[in-house]
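S.K.: Sequence:
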Amino acid sequence: MTVFTGFTNIFINKEGIKYPSGRIHKTANDAVAAQSDPKIVGKVLAVAQVTWEEKDEPSK
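If you read the sequence shown in our numbering, its first letter stands for residue 1, the second for the next number, and so on.
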């Protein structure tokens, strides 16, 4: 297994629903910089660190 770590922005929409941006950034600073993207809809609440595991592909 390989463990990956990244950072994403957490948003809140008009209905009060919180959701991650769906973009994973290498650093928290990169996530903060992405908040100035004009395509953003909703209010940014925070930057969250995310981790996940993926199975390693067998060697051939």
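What the hints contain is simulated information worked out from the structure, not anything from laboratory work.
Accuracy of the hints is not assured; some may be wrong.
[Stated by the list, open to error] In silico DMTMM-like cross-links for lysine to aspartate or glutamate, where the CA-CA straight-line distance does not exceed 25 Å:
(1) Lys39 - Glu15
(2) Lys14 - Glu53
(3) Lys26 - Glu53
(4) Lys26 - Asp56
(5) Lys26 - Glu57
S.K.: Now tell me if each hint is right for this structure.
M.R.: Consistency of the hints with the structure:
no., hint, in the structure
1, Lys39 - Glu15, "19 Å, holds"
2, Lys14 - Glu53, "33 Å, violated"
3, Lys26 - Glu53, "16 Å, holds"
4, Lys26 - Asp56, "20 Å, holds"
5, Lys26 - Glu57, "23 Å, holds"
Violated hint: 2 only; the structure is consistent with all others.
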